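Listed in order, the protein sequences are those of chains A and B.
Here the first sequence is numbered in this note's numbering, starting from 31 and rising by one per residue.
Here the second sequence is numbered in this note's numbering, starting from 7 and rising by one per residue.
These are calculated hints, taken from the structure and not from any lab test.
Do not rely on the hints blindly, as some may be mistaken.
Between beta-carbon pairs, the in silico distance windows are [as the list claims (entries may be wrong)]:
1. A:PHE117 x B:PRO20: 21 to 31 angstroms
2. B:SER262 x A:ASN38: 48 to 58 angstroms
3. B:PRO20 x A:HIS119: 23 to 33 angstroms
4. B:ALA90 x A:LYS137: 45 to 55 angstroms
5. B:ALA90 x A:MET358: 23 to 33 angstroms
6. B:GLN321 x A:ASP45: 48 to 58 angstroms
Here the structure is a predicted model, which means the values were calculated and not measured.
Glycine included, every Cβ here is placed at the ideal spot set by N, Cα and C.
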Amino acid sequence: MSSIQIQNVTKRFGDFTAVDEISIDIEEGEFVALLGPSGCGKTTTMNMIAGLEDVSEGVIKFDGQDLSHVRMQDRNIGFVFQNYAIFTHLSVYKNLSYGLEVKKVEKPEIERRVKAMADRMSISHRLHQPAASLSVNEMQKLAIGRSAIVEPRIFLLDEPLSNLDAGFRAYMRAELKVLQHEFGQTMIYVTHDQIEAMSLADKIAIIDQGKLMQYGAPLDIYNDPQNRFVANFVGSPRMNLVDGELREEQGALRLMLHGGAEIPLAGQVKADFTSDSKVHSGSFGIRPQDIYFGDKRADHDIKMLGKVEVLERVGPKRLAYLQVQETMFLAFDEQAQLNVGDDVPFYLPSEASMAFDLDSGRRLGGQ
Amino acid sequence: MSAIEITNAVKNYPEFTLGPINMSVGQGEFFGIFGPPSTGKSSILKLILGLLQPDEGSVTLSGKDGAYMDVAERDISMVFQNLALFPHMTGRENIIFPLKERNAPESEIAERLDFVSEVLHVSHILHKNPAQMSGGERQRIALGRAFAAESRAMLLDEPIASLDARLREEMRVELKRLQRENNQTFVYVSHDEEEVMAISDRVAVMIDGMIAQIGTPDEVYSTPNSRSVAEVIGSPPMNFFEGQFADSGVHFNGSSLPPIPIVGETLKGGDGTLGVRPEDIWLGESDGNPSVDVKVSSVEPLGSYTIINAFLGDQIVKIRAPGQVILEEGSTLRVSLDVRNLHLFDDAGERV
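All chains should be modelled from the sequences, with the hints used to inform the complete structure.
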């Protein structure tokens, strides 16, 4: 177990800056997800923690100590990759015992730990079969078990679930979380899947184009995104974010959307947009579950009129795509009352809406 | 007349048999084929495309027997997961390639190119070579090439699987729109259940080389016809409880469950399985619904909803609660099961 301090770390490959002055504090025993689109620098960040890549600038400390001159194999870090590295010609038992044998652990102790881990992973019945005979799902469990068994002080996982089918992914998510609680290891988890990050991590670091966009607890990030990128990236279905020019006329403020639609701003979200007088282009954000139909619920809620373009079944719910001129809003059809082609009024609750500066992406007002 | 009709088609492989497959895809329909990996989804596409001939049964395209049509004659486009773009051609050249091949007039080529690049948002990358494009851009060019051809039907094999989650969500709406605006027939294969369910007019669920169920996404989700279908549709997956139907036929009894009242006709006696979707387990007691204590194991906050993993006896149960629920791990929770939305399966796994 170990705490990790990533301080102003930059990584350059030639002219390309893969990681740009990132600082992240990870406490001992914490489960941190590095989340971002592919190519954002999250894997490079992880590789620097592991010692697979050098740091161009800045420093990474473990329990306050700089380990840049410590060999990778002596850092006591466990790995699980997307393409699980398993010795397919060896038995499941041998795969599990390998790391312990390398560390010269006593034989009875090895036996005990292998059995316990196989039980943990529900692959006990497979212990003496070749690893090649396992299903994809079992292989991934074995890959995780193999790394966890040596009880590294830091456990790094790079997209470990991305090859699995959806049902098993949901199951493994829950398993990983229980595992981490049991072992109490510091875990760093790289993923582009925000659902995985939200459901597993104590804290999420969201990275885009090498820059840290926000670092915090999942629900804090979800409820209070600091910029447009985070607002757009976290949450499924995604937040509605519509861009336009702010226009003020006789005290009324409107967001003129591209393609002709407009949002008459009111209440809290209006105050947020006017909190910085230098902002002229804005982005209006509202999560699909906050949009409602029927009677107006609060004075400042904003009424819109849209046409139901597409209805999708997403899990237990129906998601409606509402077209207003050329702008699309996603909302839940909770009562299954909408039909494709309907013209329907809907409301954007002012209190739940968010304002962003379109140019910088920065959140306006907020909290 | 159906655009594509497959009747009792069987294809034998050394260690696997596909079929018999029966399905019919209407003109202008968005037909999804969903199934876990290696259940024969892609083989169905190959039968339609003519890359495979069925050992038994037939494939009919707009009423014409496929046995007498070669691949070119079938006039079907296909988009693969591993898109095959010509690396030495620009985006534009790749898109118009099929039109050039059949010597379409320049005016038609220009018109199709305009249309396709607008709906797929690729106008700005038409001059680039594939090597200079991102994965998502390449994928859109590949789709553009298939669309440009204006074929009888379009087959898509996991066409957006390699894209980021965000881009996938955007692309699936685009695809749906494109298909509707063009009134094209789509057969869409994916192992991503949420994607297929969201995008398709009807879905075929494949299990072990057979079509286990065909229906609208609503039908497949709300009334899966077997336990195997129920297992693969829905995420997080349905919870299953083994047990017995009471001899009176009014209850289902599971080991860690209270007696579950059954609405409507059912079996009298015998083993079976009760299936309950995570969203049909509610926090707290509720009128007319049986309730039980569970012990919270872990909580997954997802923002608009929360997944609670909890022990019922020694079984983990998944509960999907609306909104943001804060719970202590290890705490005890009273939950009730919505009796109107229970799924019962007999000992052979068939829906009761």
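Hints versus structure:
1. A:PHE117 x B:PRO20: 21 to 31 angstroms: holds, 28 angstroms
2. B:SER262 x A:ASN38: 48 to 58 angstroms: For A:ASN38 against B:SER262, whose Cβ atoms are near 53 angstroms apart, the range 48 to 58 angstroms holds.
3. B:PRO20 x A:HIS119: 23 to 33 angstroms: Hint holds: Cβ distance 24 angstroms, inside 23 to 33 angstroms.
4. B:ALA90 x A:LYS137: 45 to 55 angstroms: With a Cβ separation near 53 angstroms, B:ALA90 and A:LYS137 satisfy 45 to 55 angstroms, so the hint holds.
5. B:ALA90 x A:MET358: 23 to 33 angstroms: At 32 angstroms between Cβs, range holds.
6. B:GLN321 x A:ASP45: 48 to 58 angstroms: holds, 56 angstroms
Violated hints: none; the structure is consistent with every hint.
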